[in-house]
Every structure is written in structure tokens, then in C-alpha cells.
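Start counting the sequence shown at 12; every next residue gets the next number (the working numbering).
In case anyone wonders, no lab produced these hints; they're calculated from the structure. Just so you know, even glycine gets a beta-carbon here, dropped at the ideal spot from N, CA and C. Don't take each hint at face value.
Unchecked claim - Derived CB-CB ranges, DEER-like: (1) ASN23 with GLU89: 36 to 44 Å; (2) LEU135 with LYS32: 16 to 24 Å; (3) ASP33 with ARG63: 14 to 22 Å; (4) ARG81 with LYS29: 36 to 44 Å; (5) ASN128 with PRO51: 29 to 37 Å; (6) PRO51 with LEU135: 26 to 34 Å; (7) GLU136 with GLU56: 30 to 38 Å; (8) LYS49 with ASN117: 16 to 24 Å.
As the list claims (entries may be wrong) - Straight-line Cα separation of at most 27 Å, BS3-like style, residue types lysine-lysine; simulated pairs: (9) LYS68 with LYS114; (10) LYS13 with LYS29; (11) LYS86 with LYS114; (12) LYS29 with LYS114.
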Amino acid sequence: MKVYTIGYAGMNISEFIKVLKDHGVTTVVDVRRFPKSKDPAFTRENLENNLRDNGIKYVFLGESLGGFVRGGYEKYMETSRFREGFDMLLNLARKEVIAVMCKEKNVKYCHRRFISNLLSSLGLEVLHL
Numbered sequence: 012m013k014v015y016t017i018g019y020a021g022m023n024i025s026e027f028i029k030v031l032k033d034h035g036v037t038t039v040v041d042v043r044r045f046p047k048s049k050d051p052a053f054t055r056e057n058l059e060n061n062l063r064d065n066g067i068k069y070v071f072l073g074e075s076l077g078g079f080v081r082g083g084y085e086k087y088m089e090t091s092r093f094r095e096g097f098d099m100l101l102n103l104a105r106k107e108v109i110a111v112m113c114k115e116k117n118v119k120y121c122h123r124r125f126i127s128n129l130l131s132s133l134g135l136e137v138l139h140l
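Can you build the whole structure from these sequences, using the hints too?
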């Protein structure tokens, strides 16, 4: 099973959607704690509409998988709230070609790295777009 991750920083919405389509992504999983952006195209509602208009589903899991948590993300990963969100992510990955999305372009500066490492430890192939 293959899972993609993507950070939209530095892209406009057309470029973002092209990258997703080029990799066959069928569902974007938004893991931003706060799904807002200085670029209006990437606010939750607008992003969901833009993706839908291009045949890509949108799922928001920022409430359970978002960053900016007290005590650090690694500690947060031990909670039931994280586990519930992660289980939803795994279920989606079994049925869809997903891209786990946040803002940061480079995954090493984003909490996606923790999610990615956990996915990899379970045997999933994780590719950063």
C-alpha cells in the first residue's frame, strides 16, 4: 500500500491539484490543526470545493491528527484521540490513494513526518510529493 504526503507551501491551487492528479491521488487527508491559509484557495471550504470540482475527495482529520499539541507530537501520538484519527487514516489508505496534507513543503519541518514514520513502521510505502 502506498501513501503520499504533500505540503502546499509555494504552490497555487492549480499546481497542487496537478501534482495530486499526476500521482493518482483520489483523497486528500487534511491534517492541519487549523485549516486556514493566507491563500484563500487553501482554506478548508475552498480547498474542499476545488478538490471536489477536480474529482478528488477531501477528508479533514486535523482535530485528531493536527499538530500544535501540548507536550509535543510524539507524546500526543500515545493518546486515544490520535489513535482514532490514525485508524481512520489507515482505513482510508486501504480503500483510496491518499495524500496526507499540511502546509509545510518539506516534511522534516512538519508533523507529517511522525505520521509518515508510523505508516512506514506498519509496512506502508510513504512518498513525499
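Has the hinted range 16 to 24 Å been met by the Cβ atoms of LEU135 and LYS32? holds (21 Å)
Self-check item: Given hint LYS114 paired with LYS29 - CA-CA distance at most 27 Å
Solution: Measuring from Cα to Cα gives roughly 17 Å; hence the hint holds.
- request: For the pair we were handed, LYS68 and LYS114, check the Cα-Cα distance against 27 Å.
  value: Given that 27 Å is the threshold and the Cα spacing comes to 18 Å, the pair holds.
**Request:** Verify the proposed pairing of LYS86 with LYS114, using a straight-line Cα cut of 27 Å.
**Result:** Between LYS86 and LYS114 the Cα gap is close to 22 Å, so the pair holds against 27 Å.
(request) Starting from the range 36 to 44 Å, see whether the pair ASN23 and GLU89 falls in it by beta-carbon distance. (result) holds (38 Å)
The hint says 36 to 44 Å between ARG81 and LYS29; measuring C-beta to C-beta, is that right? Given about 37 Å between the Cβ atoms, the range holds.
>> Can you tell me whether the CB distance of ASP33 to ARG63 sits inside 14 to 22 Å?
In response: holds (19 Å)
Looking only at beta-carbon atoms, does the pair PRO51, LEU135 fall within the given range of 26 to 34 Å?
holds (33 Å)
**Q.** Outcome for the supplied range 29 to 37 Å, where the beta carbon pair is ASN128 and PRO51
**A.** Holds, since ASN128 and PRO51 (Cβ atoms, about 32 Å apart) stay within the stated range.
Cβ-Cβ distance between LYS49 and ASN117: within 16 to 24 Å?
-> About 18 Å separates the Cβ atoms of LYS49 and ASN117, which means 16 to 24 Å holds.
query: How does the Cβ-Cβ distance of GLU136 and GLU56 compare with 30 to 38 Å: does it lie in that range?
result: Because 32 Å falls inside the window, the suggested range holds.
**Asked** Going straight from one Cα to the other, do LYS13 and LYS29 come out at no more than 27 Å?
**Response** Holds, because 19 Å separates the two Cα atoms, which is no more than 27 Å.
Checked against the numbered hints given earlier, this structure breaks none of them.
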